[in-house]
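The lines below spell out each chain.
Number of protein chains: 2
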Amino acid sequence: MYTIGELSRRTGVKVPTIRFYEDKGLLPQPERTAGNQRRYDQAALDRLRFIRHTRDLGLPLADVEALLSLEGAQGDDLNRAHEIARRQLHDLRERIGKLQRLESELARIATACDGQHDHVCAVLHAFGAHDDCSGPH
Amino acid sequence: MYTIGELSRRTGVKVPTIRFYEDKGLLPQPERTAGNQRRYDQAALDRLRFIRHTRDLGLPLADVEALLSLEGAQGDDLNRAHEIARRQLHDLRERIGKLQRLESELARIATACDGQHDHVCAVLHAFGAHDDCSGPH
DNA sequence: CTAATTCCTCTAGTGGCTAGAGGTTCAAGG
DNA sequence: CCTTGAACCTCTAGCCACTAGAGGAATTAG
Numbered sequence: 001m002y003t004i005g006e007l008s009r010r011t012g013v014k015v016p017t018i019r020f021y022e023d024k025g026l027l028p029q030p031e032r033t034a035g036n037q038r039r040y041d042q043a044a045l046d047r048l049r050f051i052r053h054t055r056d057l058g059l060p061l062a063d064v065e066a067l068l069s070l071e072g073a074q075g076d077d078l079n080r081a082h083e084i085a086r087r088q089l090h091d092l093r094e095r096i097g098k099l100q101r102l103e104s105e106l107a108r109i110a111t112a113c114d115g116q117h118d119h120v121c122a123v124l125h126a127f128g129a130h131d132d133c134s135g136p137h
Numbered sequence: 001m002y003t004i005g006e007l008s009r010r011t012g013v014k015v016p017t018i019r020f021y022e023d024k025g026l027l028p029q030p031e032r033t034a035g036n037q038r039r040y041d042q043a044a045l046d047r048l049r050f051i052r053h054t055r056d057l058g059l060p061l062a063d064v065e066a067l068l069s070l071e072g073a074q075g076d077d078l079n080r081a082h083e084i085a086r087r088q089l090h091d092l093r094e095r096i097g098k099l100q101r102l103e104s105e106l107a108r109i110a111t112a113c114d115g116q117h118d119h120v121c122a123v124l125h126a127f128g129a130h131d132d133c134s135g136p137h
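Top to bottom, those sequences are chains A and B.
Be aware that the first sequence starts at 1, since it is given in UniProt numbering, and climbs by one per residue.
Be aware that the second sequence starts at 1, since it is given in UniProt numbering, and climbs by one per residue.
It should be emphasised that the hints constitute simulated quantities derived from the structure, not laboratory data.
Do not take every clue at face value.
Identical chains blur together in the list; that is why a pair holds if it fits in one copy or across any two.
To be verified - Derived lysine to any residue pairs resembling SDA-like cross-links, with alpha carbons at most 25 Å apart:
{"no.": "1", "residue 1": "K24", "residue 2": "L68"}
{"no.": "2", "residue 1": "K98", "residue 2": "A62"}
{"no.": "3", "residue 1": "K98", "residue 2": "P30"}
{"no.": "4", "residue 1": "K24", "residue 2": "R108"}
{"no.": "5", "residue 1": "K24", "residue 2": "R10"}
{"no.": "6", "residue 1": "K98", "residue 2": "V13"}
{"no.": "7", "residue 1": "K24", "residue 2": "S104"}
Whole structure, please, built from the sequences with the hints as guidance.
Dropping the structure here:
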């Protein structure tokens, strides 16, 4: 049996966040002591680790919930889990691509007018002028 | 003179968002018609484009505001603008790196147990098991 | 002059937490 | 057994950057 603080330490999820997940229905309501404090079992620890990991991967809570409901899934439900993973991968690749385009632009801006400080800074100009960008975003 | 809708069309910033920026002090309060409707000039359009662009680049509104206050800056203030750009570039590169690590993991998960559907799906297992990850995140 | 469109203000909701107030329970040391 | 201090409890409010909707007024095209 773990206290909420122990659960927090073992998963890296902050205490208020654990309560927040319970509120949202992602974690089941745990047992309570006579003094109304939460006590968790191994299953809760595993479940929270799952949530933590999928959140780290960038999945929104709604998807985490969907995956959790597929525990011990079979047949079509398995396909659904794959589907979620595939969609997330797609989203992630899009995000990476977009950020990389922004990176090259920001790199250009950050080095603008280094050395020669004219009376109007090129950095400020560059932030304002989308026309200068190499690609769309 | 532009209506708020025209400003929206020309910048791609939604109408409620424009009012939101005004509320936050990022845009000055524009003139009003006799009937209390906002009318914007060229300067407002430029300013909103600047905000839009810097937001697209991922800068938080606080940084956008800081840059806006540096309009026509000189000396140390110019360095401050550079500093903001440099810090953002650094942040962006970190974000990209992290997402790329996640990408490889998610790719692994998405293809897990493709073909052979055992009684416990590897996708669900993979989402739960951080130990399987190649690197930290 | 009418009808459609756009505008106004205001409130509340989103996601995913995080912080704080004000009070209670627990575990260890004396 | 009693005290102390850490950890716990609930509840409310705040964060960021918007977004949506209600209910009503102004503008514009025909």
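Evaluation of the provided hints:
1. K24 x L68: Only inside one copy: K24 and L68 sit 13 Å apart there, 40 Å across copies, limit 25 Å.
2. K98 x A62: The answer is both: 24 Å in one copy and 22 Å across copies each meet 25 Å.
3. K98 x P30: Cα proximity of K98 and P30: none, with 42 Å in one copy and 34 Å across.
4. K24 x R108: neither (44 Å within a copy, 29 Å between copies)
5. K24 x R10: within (21 Å within a copy, 40 Å between copies)
6. K98 x V13: Answer is between; shortest inter-copy Cα gap is 19 Å, intra-copy 29 Å.
7. K24 x S104: neither (40 Å within a copy, 30 Å between copies)
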